[in-house]
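Undergrad: Listed here are the chains, written in short residue letters.
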Amino acid sequence: MSNEKLPLSRRNALKCMAYGGAGTLFALSGGVFTPIDLAMARAYDESKPLGTPLFVQISDTHIGFNKEANPDVGGTLGQTIDIVNGMPQQPALIIHTGDITHLSKPAEFDLAQQLLSRLRVTELHTVPGEHDTTDATVTEYFNRFGNASDNRGYYSFDHAGVHFLALVNVLQFKPGGLGTLGPDQLAWVAADLKGRSPSTPIVVFAHMPLWTIYEPWGWGTGDADQLLGLLRRFGSVTVLNGHIHQIVQKVEGNVTFHTARSTAYPQPVAGEGPGPGPLKVAAGVLPKMLGVTSVNLVKHPRSLMLNDTALA
Amino acid sequence: MNLKNHRTLLALIGLAALGCAAAASMSAGAAEEPKVLIKDFLFTPLSLTVKAGTAVTWVNMDDEPHNVISDTGLFRSGGFDTNESFSHKFDKPGTYRITCSIHPRMVATIVVE
Chain B
2 MSNEKLPLSR RNALKCMAYG GAGTLFALSG GVFTPIDLAM ARAYDESKPL
52 GTPLFVQISD THIGFNKEAN PDVGGTLGQT IDIVNGMPQQ PALIIHTGDI
102 THLSKPAEFD LAQQLLSRLR VTELHTVPGE HDTTDATVTE YFNRFGNASD
152 NRGYYSFDHA GVHFLALVNV LQFKPGGLGT LGPDQLAWVA ADLKGRSPST
202 PIVVFAHMPL WTIYEPWGWG TGDADQLLGL LRRFGSVTVL NGHIHQIVQK
252 VEGNVTFHTA RSTAYPQPVA GEGPGPGPLK VAAGVLPKML GVTSVNLVKH
302 PRSLMLNDTA LA
Chain X
531 MNLKNHRTLL ALIGLAALGC AAAASMSAGA AEEPKVLIKD FLFTPLSLTV
581 KAGTAVTWVN MDDEPHNVIS DTGLFRSGGF DTNESFSHKF DKPGTYRITC
631 SIHPRMVATI VVE
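Quick note, the sequences are listed as chains B and X, same order. In terms of my numbering, the numbers along the first sequence are unbroken and rise by one, the last being 313. In terms of my numbering, the numbers along the second sequence are unbroken and rise by one, the last being 643.
Just so you know, the hints here were simulated from the structure itself, not pulled from any lab data. Positions of the beta carbon are idealized from the N, C-alpha and C atoms, including for glycine. Keep in mind that a hint or two might mislead.
What follows is a list of derived Cβ distance ranges for each label pair [claimed, not checked]:
1) X:E563 to B:G196: 21 to 31 Å
2) B:Y215 to X:P575: 23 to 33 Å
3) X:P575 to B:G230: 38 to 48 Å
4) B:R234 to X:G583: 53 to 63 Å
Given only the sequences and the hints, what does the whole structure look like? Please build it.
TA: Here it is in structure tokens:
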């Protein structure tokens, strides 16, 4: 019952819901997850949100998808890019948490790269989704994005004192199971984190959720507990995923988990309907269910703040 | 949308016809290519028995792409979208576990005699 420990009061939760359309703000401060009083946040100039923009998370662009749920995924990605390019202070980098393409086709990757090149921010970090690795030889993603990781898929980097871990949990599926990190990757993470100060803010990103949201639909990672064991000594850990095309978040100790919206199409909430396929909604509703997550770095107290923005 | 429903209907008719053909082939000995339907994130049938040397075809009827992978690494299809299909010929007798790597909870068995 870890939820009961959350300092998320009903009043604040309702406030967050009331402002849901404009984005919901959560701050991670000293390992404690605190919803920012949005009325107070609003008192600030809205063009100057709390903290400095650190990065924007784009997810599940599914370039190549053309079904009824969204016949124009290039257009909605374009709207997303307009939102990011319109941020008064540009973030340092962009993270794409996978399912860049729908079917791993070369033409889909080419179009995705062409569209993403319109971002004013040029530093792009990616991890593959399972839709990016469905080609029979699993080479299209790595031909384009493999350099950062020597073609392993997972890698790390630092920016503004924050340590980023880019992980892959879509390559070692077991039948009937969840996503898998695998012993090689976990050993690499252990070595990568060794000697790092517990006060270093850590951002972990991977395509599939690194906690079990809904096992019957494979919304989780089977060996994520071993990863979390390695992260537990750090005071501020932010775990960002995609895959489920909707926002779900929770806090466990010092770890904040958050999944981003897709820019392409929504999916049903866990367990509603036969499976996690595209959810058809009215045209006017669709932009409200698509969007990006921006993450600000707040220096005093040192924390990361997540802000979800819908296309409409 | 009409077109899609139309295609779905045609595919269903096709499968119904195939069922008849498969039944007929029992006596006639004409080997009709068996199909596995992928719909609502399920393989139907969940278990299919064929003779060695038979090609099995998987047909995707979901709005979501699927692929077909043998858990022993014998074969791996690319992702295939709505109304697309993939075939694999099974030469050796045995029990083959099949999954979709995009949705790994989807599992099925092909028994080759």
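Undergrad: For every hint, state whether the structure bears it out.
TA: We went through each hint and held it up to the structure:
no.	hint	verdict
1	X:E563 to B:G196: 21 to 31 Å	violated, 59 Å
2	B:Y215 to X:P575: 23 to 33 Å	holds, 26 Å
3	X:P575 to B:G230: 38 to 48 Å	holds, 42 Å
4	B:R234 to X:G583: 53 to 63 Å	holds, 58 Å
Violated hints amount to a single one, hint 1; each of the other numbered hints is respected by the structure.
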